[in-house]
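Visitor: In case you want the letters, here they are:
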Amino acid sequence: MMDPVETHDVVVIGGGPAGLAAALGARRAGAGKVLLVERDRTLGGILNQCVHDGFGLFLYKETISGPEYAERLVEDLVREPIKVETGAMVLDLTPDRVLRINSRSGYRLVQAGAVVLAMGCRERTREMIEIPGTRPAGVFTAGSAQNLVNLQNLRIGNEAVILGSGDIGLIMARRLTFEGVTVRGVFEILSWASGLERNVRQCLMDFGIPLELRSTVVEIRGRDRVESVVVARVDDKLMPIPGTESVIPCDTLLLSVGLIPENELSKRAGVELSPFTGGAIVDQGLMTSVAGVFSCGNVLHIHDVADWASYEGFAAGESAARYAAGERVAGGTVRISPGLNIKYALPQLLTAGTAGAEWSFRTMRPIRNTQVIVKGKTTGKVYARKKFGRLLPSELQKIKVRPAVEEDLEVSCHD
Amino acid sequence: MSAKKNGVYDVIVIGGGAVGCAVLRELSRCDLKLLLLEREADLAEGISKGNSGVIHAGFNVPAGSLKAKTNVAGLGMIYGLAGELGVPHRKTGKLVVALADEDRSRLEELKAEGDKSGVPDLEIVDEAAIRHLEPLARGRWALYSPHTGIISPYELTVALAECAWQNGAEVLLEAPVEAVVFRDGCFRLSTPKGTFAARRVVNSAGLFSDDVARLAGIDDYRIFPYRGEYLITDKDCGLRLGLPVYPVPPRDDPGLGIHITPTLEGNIILGPSVEPVDDKRDAASTRIVMARLKAEAARLMPELSRVSFIHSYAGIRPKLVDPSGKDRFGDFIVEESVLRPGWINLVGIESPGLTAAPAIAEMVAGMIGVRMDLRWKPDFNPVRPRRTRFAHLGDDERAERVARDADSGEMVCRCEHVTRAEVVAALRNPFGARAMDAVKRRTRCGMGRCQGGFCTPRIVEILQDEGLPADRITKRGGGSRLFFGRLKG
Numbered sequence: 001m002m003d004p005v006e007t008h009d010v011v012v013i014g015g016g017p018a019g020l021a022a023a024l025g026a027r028r029a030g031a032g033k034v035l036l037v038e039r040d041r042t043l044g045g046i047l048n049q050c051v052h053d054g055f056g057l058f059l060y061k062e063t064i065s066g067p068e069y070a071e072r073l074v075e076d077l078v079r080e081p082i083k084v085e086t087g088a089m090v091l092d093l094t095p096d097r098v099l100r101i102n103s104r105s106g107y108r109l110v111q112a113g114a115v116v117l118a119m120g121c122r123e124r125t126r127e128m129i130e131i132p133g134t135r136p137a138g139v140f141t142a143g144s145a146q147n148l149v150n151l152q153n154l155r156i157g158n159e160a161v162i163l164g165s166g167d168i169g170l171i172m173a174r175r176l177t178f179e180g181v182t183v184r185g186v187f188e189i190l191s192w193a194s195g196l197e198r199n200v201r202q203c204l205m206d207f208g209i210p211l212e213l214r215s216t217v218v219e220i221r222g223r224d225r226v227e228s229v230v231v232a233r234v235d236d237k238l239m240p241i242p243g244t245e246s247v248i249p250c251d252t253l254l255l256s257v258g259l260i261p262e263n264e265l266s267k268r269a270g271v272e273l274s275p276f277t278g279g280a281i282v283d284q285g286l287m288t289s290v291a292g293v294f295s296c297g298n299v300l301h302i303h304d305v306a307d308w309a310s311y312e313g314f315a316a317g318e319s320a321a322r323y324a325a326g327e328r329v330a331g332g333t334v335r336i337s338p339g340l341n342i343k344y345a346l347p348q349l350l351t352a353g354t355a356g357a358e359w360s361f362r363t364m365r366p367i368r369n370t371q372v373i374v375k376g377k378t379t380g381k382v383y384a385r386k387k388f389g390r391l392l393p394s395e396l397q398k399i400k401v402r403p404a405v406e407e408d409l410e411v412s413c414h415d
Numbered sequence: 001m002s003a004k005k006n007g008v009y010d011v012i013v014i015g016g017g018a019v020g021c022a023v024l025r026e027l028s029r030c031d032l033k034l035l036l037l038e039r040e041a042d043l044a045e046g047i048s049k050g051n052s053g054v055i056h057a058g059f060n061v062p063a064g065s066l067k068a069k070t071n072v073a074g075l076g077m078i079y080g081l082a083g084e085l086g087v088p089h090r091k092t093g094k095l096v097v098a099l100a101d102e103d104r105s106r107l108e109e110l111k112a113e114g115d116k117s118g119v120p121d122l123e124i125v126d127e128a129a130i131r132h133l134e135p136l137a138r139g140r141w142a143l144y145s146p147h148t149g150i151i152s153p154y155e156l157t158v159a160l161a162e163c164a165w166q167n168g169a170e171v172l173l174e175a176p177v178e179a180v181v182f183r184d185g186c187f188r189l190s191t192p193k194g195t196f197a198a199r200r201v202v203n204s205a206g207l208f209s210d211d212v213a214r215l216a217g218i219d220d221y222r223i224f225p226y227r228g229e230y231l232i233t234d235k236d237c238g239l240r241l242g243l244p245v246y247p248v249p250p251r252d253d254p255g256l257g258i259h260i261t262p263t264l265e266g267n268i269i270l271g272p273s274v275e276p277v278d279d280k281r282d283a284a285s286t287r288i289v290m291a292r293l294k295a296e297a298a299r300l301m302p303e304l305s306r307v308s309f310i311h312s313y314a315g316i317r318p319k320l321v322d323p324s325g326k327d328r329f330g331d332f333i334v335e336e337s338v339l340r341p342g343w344i345n346l347v348g349i350e351s352p353g354l355t356a357a358p359a360i361a362e363m364v365a366g367m368i369g370v371r372m373d374l375r376w377k378p379d380f381n382p383v384r385p386r387r388t389r390f391a392h393l394g395d396d397e398r399a400e401r402v403a404r405d406a407d408s409g410e411m412v413c414r415c416e417h418v419t420r421a422e423v424v425a426a427l428r429n430p431f432g433a434r435a436m437d438a439v440k441r442r443t444r445c446g447m448g449r450c451q452g453g454f455c456t457p458r459i460v461e462i463l464q465d466e467g468l469p470a471d472r473i474t475k476r477g478g479g480s481r482l483f484f485g486r487l488k489g
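Those protein sequence lines, which keep their order, are chains A and B.
Numbering follows our numbering, in which position 355 of the first sequence is assigned residue number 355; successive positions increment by one, without gaps.
Numbering follows our numbering, in which position 152 of the second sequence is assigned residue number 152; successive positions increment by one, without gaps.
One chain only, chain A, in its complex shape (with noise of 0.2 angstroms):
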């Protein structure tokens, strides 16, 4: 093995929102030395390809574009001495934090004081969902088709079927409506929404698209290219129900029916990673299993707003930067588990005696007039409760915790 050739304070692996924010706070929190790896030529990961209004309400106050939202970042990033390297990609992190990082200029070996995981996410794909039939051009991912569509001005299709309603998949419906392509209609096999309410407003109804709730594509058709899709109702197990298939004629299948945060990277470092977000198990400091391996943004776990993720960046930022200036914390001995109706709650632990921490949580389904209760899982005590008219599966909720902590606490949203 080769010797690392340089030797970083914090190392953030990834130049979207959450990376930018890191690289940002590690420096506000003092870090000397900075390295920013993007893989990509350019910085702001998939906000370049996100050219629809509706980023930086929460962190700048109004609402921009994806191109945007990336540049007031980076404005901030070049005013800062952080070595950015783009079109260089990590290809492997050891436990001991090396970094083996390949670009046009070299391949090298970098030793990190501390590392923000920062990749974000990849799609879900027609395998992974298991969708039968033939394996002609024109099914795309709905990440895929924006970049083709947004970045390389490429037509990619004339009439698309869209599966899922994730919020890419929404926005994709109204983009190619713009260009011109027939969307035939968005089918979710749940009984909701997967993307925000507002993209199923803006991007659908304004267009008079139509959303099929409870049903699925069930066959993909076509030697060469989509020729057309069956599409069936599905029963409450998800199951197609025979006899409700109807053929859709199209060229196009466009997939937003997930995403997956991609912790390839995190793995070969030993981070230990959560059933339920499929990102690592952090502390309240967004500290890995792995000591000094930070993790934030879409790697961590999937947002529905990006302005989320670079407010989990600059805090994961700044932690990897006290961890490399030799700041220990004491290790996360409560665990925080999800209840009742709980998809996941994060942190997943947290120091013992710890006061005031808040914690970011998903539902499973959409619930009316609810209470979220934070619990004891010892004595039974409620920690905390806050009220909701209404919490969806796709939006990121908060709940803040006053009193200091000692035993396992257990989140629950009961009807």
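Since the hints were derived computationally from the structure, they do not count as laboratory data.
Careful: at least some of the hints might be erroneous.
As the list claims (entries may be wrong) - When the alpha-carbon atoms are kept at most 16 angstroms apart in a straight line, the in silico EDC-like pairs for lysine to aspartate or glutamate are as follows:
1) B:Lys488 with A:Glu264
2) A:Lys375 with A:Glu327
3) B:Lys280 with A:Asp224
4) B:Lys294 with A:Glu127
5) B:Lys235 with A:Glu127
6) A:Lys375 with A:Glu410
7) B:Lys235 with A:Glu179
8) B:Lys377 with B:Glu113
Said to hold, decoys possible - Computed, partial: chain A to chain B, Cβ under 10 angstroms:
9) Arg135
10) Thr141
11) Glu212
12) Trp308
13) Ala384
Heads up, the beta-carbon is just placed ideally off N, CA and C, and yes, glycines get one too.
Use these hints to put chain B onto chain A, whose structure you have.
Guide: Only chain B this time, still in chain A's reference frame:
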């Protein structure tokens, strides 16, 4: 020599699958003017891409059959061949497992058949030995075949063709033979890319070998397509399978049973089904079979019920067995037409055709040698240099490669760690195969867990940099276009 001047080929091979390419490479040892015509946009687009990638030892076919003879002979050749051609392969051994004591007799039948055919070193082993050979496998008894192996079938096919090309053979893609005329001692084959004349023709058209023979007036064969569906796991599915594990072959099934096979990269392949289909190109996956594959595989290896699959695919077997008839076995046909001397038909070359390919190629060369004076070329080069993937290199070699060529520093595929240099090299293949699937098979771009989500937009850019307009980018040639022009922007 005069043949070369007037553009008449000595031999035209129809079909760029493993067998056709093996024949082409074998003939390229001799001083012959050679051409291979392939109907699809790349080699290995038919049977050769949709199989288990197993180097068979030869005990699954009846002793005395041509299948058994060419399989056993091919086994003796293929490891050396793969080495010469730099094709990744591994001698893994194989287990055929009997889950119950009463199935032991079936294993003994297989062993007896194999012994009769001269398959080396077959052995019946017990439960403890099974565990020792493959900790993931279950079974009371197993037939252990130490010389079985795995290979990438499409890499072998491409390498055979590239080696033949290095030695002077020509290959033409997207050139389906549409008509055959015999005139002046030559076969004239019409394709959309022109008409080509040859004194000898080898029909290695796989699923379409019966149709191609018919074009030459030979109405002797009928291919019945049997689909085989597969599922393939993520490399990081948590299970490391060391060797192929097969069930005792079902008696009433014309296949080998649904088995589990490792790939060289660490995935696990599950399949195939055996389904007679009407259409020779109907390689669709079906919901029912996908569920059945999982159930069957879980019987052989319960751990498989918990893993996720990243891809499904299907291949079509070119069987000579009528699904409505009683026969369950059809032998390979390798014969020169009596009606059309000089025209050699290779028909029904299904499993174990991949292993048998080099032996069939020798047979065909022998048949051609009977009628023609074959002169060995002194400068024939059997070697095609191995190209080690960037992902498999150590640190120092990676650093060297990037220092030499900056394109090696640009990662195109995040899952399989493929560089721009590798994609560009694949696109500059000697046959002009530039479809997305051609890049995929040569580089592994898109074979990882994101299934091309990341690399597709990047390869689309590189294809355009390499001079292919966006409108001509296809998945696998023909009408499989990806784009319909540019947006107004």
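Visitor: Now, for every hint given, state plainly whether the structure supports it.
Guide: A quick look at each hint next to the structure:
For the proposed pair Lys488 of chain B and Glu264 of chain A, the alpha carbon gap of about 38 angstroms is over 16 angstroms, so the pair is violated. With a C-alpha separation of about 31 angstroms, the suggested pairing of Lys375 of chain A with Glu327 of chain A is violated against the 16 angstroms cut-off. With a C-alpha separation of about 14 angstroms, the suggested pair Lys280 of chain B and Asp224 of chain A falls inside the 16 angstroms cut-off, and the hint holds. A threshold of 16 angstroms between alpha carbons decides the hint, and for Lys294 of chain B with Glu127 of chain A the separation of about 14 angstroms falls inside it, so the pair holds.
Between the alpha carbons of Lys235 of chain B and Glu127 of chain A the distance comes to roughly 15 angstroms, so the proposed pair stays at or under 16 angstroms and holds. Between Lys375 of chain A and Glu410 of chain A, the direct Cα distance comes to roughly 5 angstroms. Compliance with the 16 angstroms bound is thereby established for this hinted pair. Taking the CA atoms of Lys235 of chain B and Glu179 of chain A, the gap is near 39 angstroms; set against the 16 angstroms cutoff, the hint is violated. A threshold of 16 angstroms between alpha carbons decides the hint, and for Lys377 of chain B with Glu113 of chain B the separation of about 39 angstroms lies outside it, so the pair is violated.
The interface hint given for Arg135 of chain A is met, as the beta carbon of that residue sits about 7 angstroms from the closest beta carbon of chain B, less than 10 angstroms. Satisfaction of the interface hint for Thr141 of chain A is found here, the shortest Cβ-Cβ separation to chain B being roughly 5 angstroms, below the 10 angstroms cut-off. Below 10 angstroms, beta-carbon pairs count as interface contacts, and Glu212 of chain A has none with chain B, the closest being about 20 angstroms; its hint is therefore violated. A hinted interface residue such as Trp308 of chain A counts as satisfied when its beta carbon comes closer than 10 angstroms to some beta carbon of chain B; here the least separation is about 23 angstroms, so the hint is violated.
Hint on Ala384 of chain A is violated. Least Cβ distance to chain B is approximately 36 angstroms, over the 10 angstroms limit.
Checked against the numbered hints given earlier, the structure breaks hints 1, 2, 7, 8, 11, 12 and 13 and satisfies all the rest.
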